[in-house]
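Asks: So the sequences go chain by chain: A and B. All residue numbers for the first sequence refer to our numbering, where the first residue is 1 and numbers rise by one. All residue numbers for the second sequence refer to our numbering, where the first residue is 1 and numbers rise by one.
Hints listed in this document are in silico derivations from the structure and should not be mistaken for laboratory results. If you're wondering where the values come from, they're calculated on a predicted model, not measured in any experiment. Even for Gly, the Cβ is constructed at its ideal location relative to N, Cα and C. Heads up, some of the hints might be wrong.
[Stated by the list, open to error] Below, a list of computed lysine to aspartate or glutamate pairs in the EDC-like style, where the Cα atoms sit at most 16 Å apart:
1. Lys169/B / Asp150/B
2. Lys34/B / Glu45/B
3. Lys7/B / Glu32/B
4. Lys34/B / Glu24/B
5. Lys188/A / Glu20/A
6. Lys188/A / Asp137/B
7. Lys186/A / Asp137/B
8. Lys193/A / Asp132/B
9. Lys27/B / Glu43/B
10. Lys186/A / Asp132/B
[What the hints assert, rightly or not] Chain B side only, calculated, beta carbon under 8 Å to chain A, not exhaustive:
11. Val55
12. Val61
13. Phe96
14. Thr112
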Amino acid sequence: MAKTSEITSELKVDYARVTELVLNMLKPPGSGWYALFFTCVAAFLWGAVSWTIQILDGLQVAGINHPIGWGVYITNFVFWVGIAHSGTLISAVLFLFRAKFRMPIYRLAEAMTVFAVLTAGLFPLIHVGRPWLAYWLMPYPNERALWPNFRSPLLWDVFAVSTYLTVSATFFIVGLIPDIAVCRDKAKTAIRKVLYSITSLGWTGSNSQWKHYMSAYLFFAGLATPLVVSVHSVVSWDFAMGLVPGWHTTIFPPYFVAGAIFSGVAMVLTLIIPLRKVFKLEEIITPFHFEGMCKLILLTSGIVTYAYATEFYLAWFSNNQYERFQFWFRPFGDYKVAFWGMTFCNCIAPLSLWIPALRRNITYLFIMSIIINIGMWLERFNIIFTSLAREYIPSAWGGYNFSWIEVGITVGAFGWFGMYMCLFIKFFPSVSITEIKEILPPPVRSAKSHAAH
Amino acid sequence: MRGNTNKIVIGVFHYLDDLLANIESVKHGGYEYKVYSPMANPEIEHATYPQKSPVRRFTLVGGIFGCAAGWALAILCSMDWPLRVSAKDIVSPPGFFVVGYEWTILFAALATFVALLHFCRIPDIFRKLGYDPRFSDNKFGLVVSANSGDAESIKKHLLEHGAEEAEIKDAL
Chain A
1 MAKTSEITSE
11 LKVDYARVTE
21 LVLNMLKPPG
31 SGWYALFFTC
41 VAAFLWGAVS
51 WTIQILDGLQ
61 VAGINHPIGW
71 GVYITNFVFW
81 VGIAHSGTLI
91 SAVLFLFRAK
101 FRMPIYRLAE
111 AMTVFAVLTA
121 GLFPLIHVGR
131 PWLAYWLMPY
141 PNERALWPNF
151 RSPLLWDVFA
161 VSTYLTVSAT
171 FFIVGLIPDI
181 AVCRDKAKTA
191 IRKVLYSITS
201 LGWTGSNSQW
211 KHYMSAYLFF
221 AGLATPLVVS
231 VHSVVSWDFA
241 MGLVPGWHTT
251 IFPPYFVAGA
261 IFSGVAMVLT
271 LIIPLRKVFK
281 LEEIITPFHF
291 EGMCKLILLT
301 SGIVTYAYAT
311 EFYLAWFSNN
321 QYERFQFWFR
331 PFGDYKVAFW
341 GMTFCNCIAP
351 LSLWIPALRR
361 NITYLFIMSI
371 IINIGMWLER
381 FNIIFTSLAR
391 EYIPSAWGGY
401 NFSWIEVGIT
411 VGAFGWFGMY
421 MCLFIKFFPS
431 VSITEIKEIL
441 PPPVRSAKSH
451 AAH
Chain B
1 MRGNTNKIVI
11 GVFHYLDDLL
21 ANIESVKHGG
31 YEYKVYSPMA
41 NPEIEHATYP
51 QKSPVRRFTL
61 VGGIFGCAAG
71 WALAILCSMD
81 WPLRVSAKDI
91 VSPPGFFVVG
101 YEWTILFAAL
111 ATFVALLHFC
121 RIPDIFRKLG
131 YDPRFSDNKF
141 GLVVSANSGD
151 AESIKKHLLE
161 HGAEEAEIKD
171 AL
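Okay, chain A solo, but in the shape it has when bound:
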């Protein structure tokens, strides 16, 4: 991991330049932004129309059926929850470890977290078929004296994901307050001045405010860290608590958490590389930051690969015929393309990042991030579909083909996510101004006298 001095030596900017560079991103958008935004809106509308058709005609329009009742929707749910993880990892866990490479990237990662959880949260609603009854998941007093089943992992999911959304959104908003104050002070139009004055809550950056702010921020980071671990563990228990072959394993929580971080960091790369190029942020997002992320990818790719291998080993070692068959079916059965695609994208391709020159090749990193995102979607596909397709009794075996409705909703989710990201990038600082200033050496008149302090 790069030392602070190495990172700050690469940052050839002062406080005023940091403010200028980041606020340049908030200037009126160009045609490229509009093109991207309306593409996302179009994708979102495709998804909205698909969902409307499903609501009107029922779940029959989706491909899910016996025995594969958890299809693309739950694959998407797990994928988006996974994407959401690295935001909190980068902002909270790396904050606690004082990893300086997080500074210019954590804001975008946090935004990605909040919007990805919002996206993930749609899929259980879509999957249940009658979303207007989704409130039944909440424990509330009712005339039937019914309460949800607190022994069910699906209810744990409700608590875990809703807590994660609330805490990550709060953490995100708290981080934004001092930067919105900078926007307020630099706003050139009256409307922006008023909006930023309200949303900055009157932040001034006084000594007592910073004191309480940093203390609160530390606690948020301390609270968000176990949350990162718990949420994807709970999501993994949706599977591991079932008796389905290929799911019922204790390795799932760490395997899912590592996979979530792996996919999330890749998604941060997918987003930050074009952003850096378009908004000319090369001065504050340097190759050191990409190196840090690549090392995180290498670590989590290694853990995920180890988990894949362990699953196969345990299936063989257990001598359980159902487990053994399941792990033969994955690489050689009907869905072998998904398995080998996953293996290539998540285990083999990331190994190239051991080469330092490739870790600093931004184009290569962008391609690699897309490959990993595809690989992680295939991983969830692989876990969900193959296990359900081949449970215990051959008479219950089956297959699955997703419908155009499911494709539309999947594409729509990317549009929904992209739409929020586009709006965020244009209205709020996507790079933390105050935290970059924190790692810059402060201006001092006398280096000698300053060292004595």
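Following the hints, complete the assembly by docking chain B onto the known chain A.
Replies: Chain B only, in chain A's frame:
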């Protein structure tokens, strides 16, 4: 604190070491003061507010409340509708731990947020004593409360000890 402080002296600094030296002088003189900076800085924090922030107490209370509330919710709901599922106990601590755990974090975070708003005195959009927009960009500010008699001498002191600008205003 010194007498009737009806004035404030605002010093604008470019260099951190100048600011720190002036903070020490102002503290030594017994004046009330406030420092503005574009980012959190441990040296300013050490010079102005070395004690621990009380935010942590809110976090602790929120966490304890959330833990108790999560467990209570799961236990009381299950006992109110005692349907045995998959041979599990009506009150199943391993399952209910998840709810207690999540709510511990949820309420601790919400309490921390409330504490942040309370101790930072926000939202407060209009009252900014001696604040200058440059303090969020690349300058440090030192705002000293003083009476009319001392204000001029403080201004002179700040200017002689590194302040780029210093001005006297009426305190609100």
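Asks: Regarding the pair Lys34/B and Glu24/B, is the alpha-carbon distance no greater than 16 Å?
Replies: This hinted pair holds, its Cα atoms lying about 12 Å apart.
Asks: Holds or violated: are the alpha carbons of Lys7/B and Glu32/B at most 16 Å from each other?
Replies: holds (11 Å)
Asks: Compare the distance between the alpha carbons of Lys193/A and Asp132/B with 16 Å, and conclude whether the hinted pair is satisfied.
Replies: The hint holds at about 15 Å.
Asks: Between Lys186/A and Asp132/B, does the CA-CA distance stay at or below 16 Å?
Replies: holds (11 Å)
Asks: Would the hint on Val55/B be counted as holding, given a Cβ-Cβ threshold of 8 Å to chain A?
Replies: At 4 Å from the nearest chain A Cβ, Val55/B passes the 8 Å test, so the hint holds.
Asks: Need the status of pair Lys169/B, Asp150/B: alpha-carbon distance at most 16 Å?
Replies: Holds - the C-alpha atoms of Asp150/B and Lys169/B are around 13 Å apart, at most 16 Å.
Asks: Given Phe96/B as an interface hint, is the shortest Cβ-Cβ distance to chain A below 8 Å?
Replies: Constraint on Phe96/B satisfied, holds at 6 Å.
Asks: For the pair we were handed, Lys186/A and Asp137/B, check the Cα-Cα distance against 16 Å.
Replies: Answer holds: Lys186/A to Asp137/B is near 9 Å, not above 16 Å.
Asks: Please verify whether Lys34/B and Glu45/B have alpha carbons no more than 16 Å apart.
Replies: Given that 16 Å is the threshold and the Cα spacing comes to 11 Å, the pair holds.
Asks: Taken at face value, is the distance from the CA of Asp137/B to the CA of Lys188/A at most 16 Å?
Replies: Since the Cα atoms of Lys188/A and Asp137/B sit roughly 15 Å apart, the hinted pair holds (cutoff 16 Å).
Asks: Please verify that hint: Thr112/B, Cβ, nearest Cβ of chain A, below 8 Å or not.
Replies: holds (5 Å)
Asks: Is it true that the CA of Lys27/B sits at most 16 Å from the CA of Glu43/B?
Replies: holds (15 Å)
In this structure, the one hint that does not hold is number 12.
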